[in-house]
Amino acid sequence: MAPEQSELLKDLNADEIQRILAFGTRYTLPSGASLFHLGDPADRLFLIERGRIRLTLPMQVRGREEDVVVEERTSGQTVGWSALIPPHKFTLAATAPLETEVIALPREELRKHFAANSSVGYQVTLNLAVVIGHRLQLFQAMWLREMQRTVEKHSA
Amino acid sequence: MEMFLMVLCMSMFGLAVTAIAFGAAARPGSSSSPVQPELRPVKTVPPGRFFTDQIMPPAAPRTHVPTEDLLRQIENHVRLEQAAAESFLESPSHAQLHTKTTSAFVN
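Protein chains in written order, with the working numbering: chain A, 2 to 157; chain B, 20 to 126.
FYI, nobody ran anything at the bench for these hints, they're computed from the structure.
Heads up, some of the hints might be wrong.
Under the rule of at most 20 Å between Cα atoms (straight-line distance), these lysine to aspartate or glutamate pairs were calculated in the DMTMM-like manner [said to hold, decoys possible]:
#1 B:K119 x A:E147
#2 B:K119 x B:E94
#3 A:K90 x A:E109
#4 B:K119 x A:E153
#5 A:K11 x A:E50
#6 A:K90 x A:D44
Please put together the full structure from these sequences, using the hints given.
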């Protein structure tokens, strides 16, 4: 997928997109590679160009800590938006289950660019709000479904 | 007269023996008698439940699922739940929110 079609860069014109992408560094992650760990400083956010990223959280399974997948993101999507949200620490771990290409956008450069170009910053912030809002609504619905099952189990 | 006094003494003695025996029987607390079992507090006994204790068979032990299979079940469960949540977000309704899952993890 072309970076222009990324959910984060939606509704920006080609020049604006190129100026943002100029800050980025392209990485190719081999299958099984880690992109970031839970609790790491979030100094970059990532646009997925190709492949897939698994977002996981640790869970105790039979006395052993296992990374359980909570979400998967694919090309055109964004991971690591903790880079733009204080306290700038990753709240999930990210790995590539197959060879994956990402563009890493450094927080500090983005912040300066948005400060100097407020309309671009506004649009990217709106796009990011959609990504975050979707995650929130999704997990809200999932949480309620689990709660409903718990209630049914307890009142059976 | 002697007869009357003897009967009176016997009656008094019988009454005293009866009173001592009654007092010993009614006195709370432990008895040193070897035939008296020590009573335990009853509050450790779980409360009885109607029917379930008698009729329900003991829960069968869960079949041991290998950890790898369990993790796969969890992952599959998360995928199914996300798909259900996505469907709810596309057309929010009570029915969409509470659709039943086919996930082996919870069934």
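To see whether the hints hold, each was checked on the structure:
1. B:K119 x A:E147: OK: B:K119 and A:E147 at ~11 Å, within 20 Å.
2. B:K119 x B:E94: holds, 17 Å
3. A:K90 x A:E109: holds, 14 Å
4. B:K119 x A:E153: Cα-Cα ~12 Å, so holds.
5. A:K11 x A:E50: Roughly 14 Å between the alpha carbons, so the hint for A:K11 and A:E50 holds.
6. A:K90 x A:D44: holds, 8 Å
Checked against the numbered hints given earlier, this structure breaks none of them.
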